[in-house]
Amino acid sequence: MSKIEEVKAKVEIGKTKLVPALVQEALDEGSTPAMILQAMVDSMGVVGDKFSKGEIFVPEMLIAAKAMAKGVDVLRPLLAGDSETSLGTCIIGTVAGDLHDIGKNLVAMMIESAGFTMVDLGVDVPAEKFVEAIKENERVTLVACSGLLTTTMPALKEAVQTIKAAYPDQKVIVGGAPVTPEYAAEIGADGFAPDAGSAAVKAKEIISV
Amino acid sequence: MLTKKQNLLETIKGGKPDRFVKQYEFLNMIFEAAFQMTGIPMMPGPTSKDIWGITWTFMEGQIGGFPVHDEEHLVIKDITKWKEYVKKPLIPTDDESWAPAIAHANAINRNEEFVTAMYAPGLFEMTHHMMGMENSLMAFYEEPEAMHELINYITEFELEFAEILIDRIHPDALFHHDDWGSQISSFLSPSMFQEFFVPAYKKIYGYYKANGVELIVHHSDSYAANLVPAMIEMGIDIFQGVMNTNNIPELINNYGRQISFMGGLHSGELDFPDWTPERIAEDVERACKANGKSFYIPCITHGGAMSHFPGVYEEIDKQIDKMSKEMF
Chain U
1 MSKIEEVKAK VEIGKTKLVP ALVQEALDEG STPAMILQAM VDSMGVVGDK FSKGEIFVPE
61 MLIAAKAMAK GVDVLRPLLA GDSETSLGTC IIGTVAGDLH DIGKNLVAMM IESAGFTMVD
121 LGVDVPAEKF VEAIKENERV TLVACSGLLT TTMPALKEAV QTIKAAYPDQ KVIVGGAPVT
181 PEYAAEIGAD GFAPDAGSAA VKAKEIISV
Chain X
210 MLTKKQNLLE TIKGGKPDRF VKQYEFLNMI FEAAFQMTGI PMMPGPTSKD IWGITWTFME
270 GQIGGFPVHD EEHLVIKDIT KWKEYVKKPL IPTDDESWAP AIAHANAINR NEEFVTAMYA
330 PGLFEMTHHM MGMENSLMAF YEEPEAMHEL INYITEFELE FAEILIDRIH PDALFHHDDW
390 GSQISSFLSP SMFQEFFVPA YKKIYGYYKA NGVELIVHHS DSYAANLVPA MIEMGIDIFQ
450 GVMNTNNIPE LINNYGRQIS FMGGLHSGEL DFPDWTPERI AEDVERACKA NGKSFYIPCI
510 THGGAMSHFP GVYEEIDKQI DKMSKEMF
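Top line first, the protein sequences correspond to chains U and X.
If you read the first sequence in our numbering, its first letter stands for residue 1, the second for the next number, and so on.
If you read the second sequence in our numbering, its first letter stands for residue 210, the second for the next number, and so on.
Simulated from the structure, these hints should not be mistaken for lab results.
Treat the hints with care, since some could be wrong.
[Claimed, not checked] Derived pair list, reagent style DSS-like, types lysine-lysine, alpha-carbon separation capped at 30 Å:
| hint | chain 1 | residue 1 | chain 2 | residue 2 |
| --- | --- | --- | --- | --- |
| 1 | X | Lys-286 | U | Lys-15 |
| 2 | U | Lys-17 | X | Lys-290 |
| 3 | X | Lys-502 | U | Lys-17 |
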């Protein structure tokens with residue numbers, strides 16, 4: 001097995017202590033930083049699929065993402081300024097009036113693992129703050145809004161519509177327990193995902209359209 | 210007509226109930242004895258601390274409190290050093306503290322209802338309340354020994370509390386919270402759950418049952434179908450909070466003689482400001498017809514005999530009465 005294949009395999013099973021050294025060995029073996037990064041992104045794609053299918057659970061997804069992050073730490077100095085490797089910036093937050101952050105954090109982690117640069121606005125985020133963040137950050141390709149409560153679904157709608165009013169071409173993805181694909185379409189979102197694994201897939205799909 | 214208690218027992222034993230059990234009607238909860246919940250806010254107000262030192266916030270407009278998990282407020286900042294951060298709280302033992310709970314328990318007709326001890330947060334919840342969800346879930350992989358020690362320590366506290374509680378109010382039932390999943394999956398795999406939590410809960414629920422508690426009702430308003438065999442092993446009699454994502458009819462078919470299911474009426478879909486009696490009627494009818502009369506208790510999924518918005522809980526009761534007339 002080549003070192004890059006080992007990186008891929010160890011990220012998938014969350015070997016946080018082994019991955020940094022394997023990444024270095026893959027570099028030494030001649031793989032480029034971009035190739036290694038892509039291998040890890042592919043691993044996280046497998047992890048996301050397994051999570052969506054119920055084959056693995058949140059801890060397994062978390063340690064895989066942590067292993068990838070450790071690998072990215074090794075690559076970062078070599079990737080600096082290389083915009084080719086990034087899918088752009090994704091602004092994420094839980095909408096106004098909603099303090100739930102676990103699902104949002106998992107989605108952030110998986111979208112980051114898919115190759116986006118994340119800007120996490122946290123929880124209880126007013127609609128205007130999403131707009132400000134789009135303005136303040138470079139190359140925002142996606143905004144992800146989360147809402148867990150039935151009572152905060154109107155805030156989700158407000159967030160999407162405020163973003164679209166300010167930036168009509170901005171791609172927006174939504175999710176959260178009460179959100180359905182129909183509701184996402186009704187409020188003008190470009191996409192919906194039922195879980196963190198499929199959110200990463202959907203995020204890539206949306207920005208490629 | 211059977212008493213509430215008799216009707217519940219007929220329902221969960223596959224006997225002959227004479228009506229649907231109406232949500233939480235059979236559990237008379239002695240909240241006055243829930244000393245372990247001291248400091249956890251039940252309504253919006255200022256930031257507070259619970260007895261383990263966890264900081265809580267309950268903002269205006271929210272329907273529940275949240276533990277605060279910024280760096281400053283995390284109770285366990287490093288799981289390998291948990292002993293430096295976590296100290297078992299003291300449980301009151303004086304007569305004065307227990308008098309209201311004892312008076313409440315004594316006022317209950319035990320043939321009619323179960324005198325019920327209420328315990329929350331549960332073991333899994335305690336781990337993530339103290340260190341944040343992501344830290345906690347990763348620690349099961351990265352520092353399993355420390356997690357085992359921490360869970361044992363919290364279990365010891367629960368057992369010490371149970372000893373005093375049983376001595377004071379002699380509960381007939383235990384209503385125990387511990388949310389084990391999201392609406393679509395369990396947080397932990399069944400094997401990890403088996404390793405970390407089943408032995409601890411066997412001790413806790415076993416202790417209650419060995420000391421006069423007839424009924425263990427466990428709340429987890431989530432998907433947890435993959436954990437039902439573990440629930441049976443732990444000694445749970447009723448899985449409260451069961452969501453429809455679990456496929457309740459299938460669970461009843463597979464496990465009904467060993468455990469009963471209480472829920473099927475999702476809080477998020479029924480308990481909100483613009484609720485309507487029509488929507489509730491439709492959903493109660495669906496739940497009662499789909500899940501049937503044995504091993505099933507129609508109930509709002511959240512963990513208590515109340516609703517967040519006025520009238521919802523009572524309307525559900527009313528519609529269950531209607532379905533009882535139609536189906537019994």
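30 Å limit on alpha-carbon distance, applied to hinted pair X/Lys-286 and U/Lys-15: Roughly 22 Å separates the two Cα atoms, so the pair holds.
What's the verdict on U/Lys-17 and X/Lys-290, does the C-alpha distance respect the 30 Å limit or exceed it? At roughly 20 Å apart (the allowed maximum being 30 Å), X/Lys-290 and U/Lys-17 satisfy the hint.
Satisfaction of hint between U/Lys-17 and X/Lys-502, Cα-Cα up to 30 Å: 53 Å, violated
Checked against the numbered hints given earlier, the structure breaks only hint 3 and satisfies all the rest.
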